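**Q** Sequence:
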Amino acid sequence: MPATLQPKPKRTAVKRQAVVQPAPRPRTGRPKPTRSRRGIFLPGAVIFAIIATHLTSLAMLHYENARLVQLRRETDRVKLNIEKLRGQIAVYTDEIAINRWAEQAGMVRVETQPELTIIGLDAPTMPTAPVAMRPTE
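In the numbering used here, the protein residues as written are 985 to 1121.
If you are wondering where the hints come from, they were derived from the structure by calculation, not from laboratory data. Hints are supplied without guarantee of correctness; some may be wrong.
Derived DEER-like restraints, expressed as beta-carbon distance ranges [said to hold, decoys possible]:
| # | residue 1 | residue 2 | range |
| --- | --- | --- | --- |
| 1 | Asn-1083 | Met-1044 | 55 to 63 Å |
| 2 | Glu-1058 | Ile-1034 | 31 to 39 Å |
| 3 | Arg-1056 | Ala-1029 | 39 to 47 Å |
| 4 | Leu-1064 | Gly-1028 | 51 to 59 Å |
| 5 | Lys-1016 | Asn-1049 | 49 to 57 Å |
| 6 | Thr-996 | Thr-1018 | 55 to 63 Å |
| 7 | Asn-1065 | Met-1044 | 30 to 38 Å |
| 8 | Lys-1016 | Lys-992 | 54 to 62 Å |
| 9 | Thr-1059 | Ile-1080 | 34 to 42 Å |
| 10 | Arg-995 | Gly-1028 | 55 to 63 Å |
| 11 | Ala-1029 | Thr-1059 | 38 to 46 Å |
Quantities reported herein were computed from a predicted structural model and do not represent experimental measurements. In this text, a Cβ means the ideal position worked out from N, Cα and C, and glycines have one as well.
Put together the whole structure using the sequences plus the hints.
**A** Below, the structure written as structure tokens:
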């Protein structure tokens, strides 16, 4: 047989060594150290404090946002009310009876009095006599 066609040698069994477990330590008469109560509850208390703080801050944030939304609604409602009242005032002030009553009471608008002169700082000359605010009759 040629060298390339020779059968493979069979595997030989490898002996495995047994795992040796170490011998346990002899027990001492000394008791196991106990954890103090502070050591037991401290991590839980810290976690609880962090969660409580976080939830409190979320509640405050939601409260502030709700308060701002409520204030915006209130201002919009007041603005709408003001516009309604302005419309009602405009309707009532256009009445002829109110204009007559105002004229009888002497409450005439300035633009309806051509005799009334207002002297400001930009006047060309100072008046020689005092200016009457009401026209003389």
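**Q** Each hint should be assessed against the structure and marked as holding or not.
**A** Evaluation of the provided hints:
Here the CB-CB span from Asn-1083 to Met-1044 is close to 56 Å, well matched to the stated 55 to 63 Å. Glu-1058 and Ile-1034 have their C-beta atoms about 37 Å apart, which keeps the hinted 31 to 39 Å range intact. Taken as a hint, the range 39 to 47 Å holds for the pair Arg-1056 and Ala-1029, whose Cβ atoms sit roughly 41 Å apart. The given range of 51 to 59 Å is respected by Leu-1064 and Gly-1028, whose C-beta atoms sit roughly 54 Å from each other.
Separated by about 53 Å at the C-beta atoms, Lys-1016 and Asn-1049 satisfy the suggested range of 49 to 57 Å. In this structure the hint that Thr-996 and Thr-1018 lie 55 to 63 Å apart at CB holds, the actual value being about 56 Å. At roughly 31 Å, the beta-carbon separation of Asn-1065 and Met-1044 lies within the given 30 to 38 Å, and the hint holds. Taking 54 to 62 Å as the suggested C-beta distance range, the pair Lys-1016 and Lys-992 conforms, at roughly 59 Å.
The given range of 34 to 42 Å is respected by Thr-1059 and Ile-1080, whose C-beta atoms sit roughly 37 Å from each other. A hinted range of 55 to 63 Å for the beta carbons of Arg-995 and Gly-1028 is consistent with their spacing of about 58 Å. A beta carbon spacing of about 45 Å between Ala-1029 and Thr-1059 agrees with the range 38 to 46 Å that was offered as a hint.
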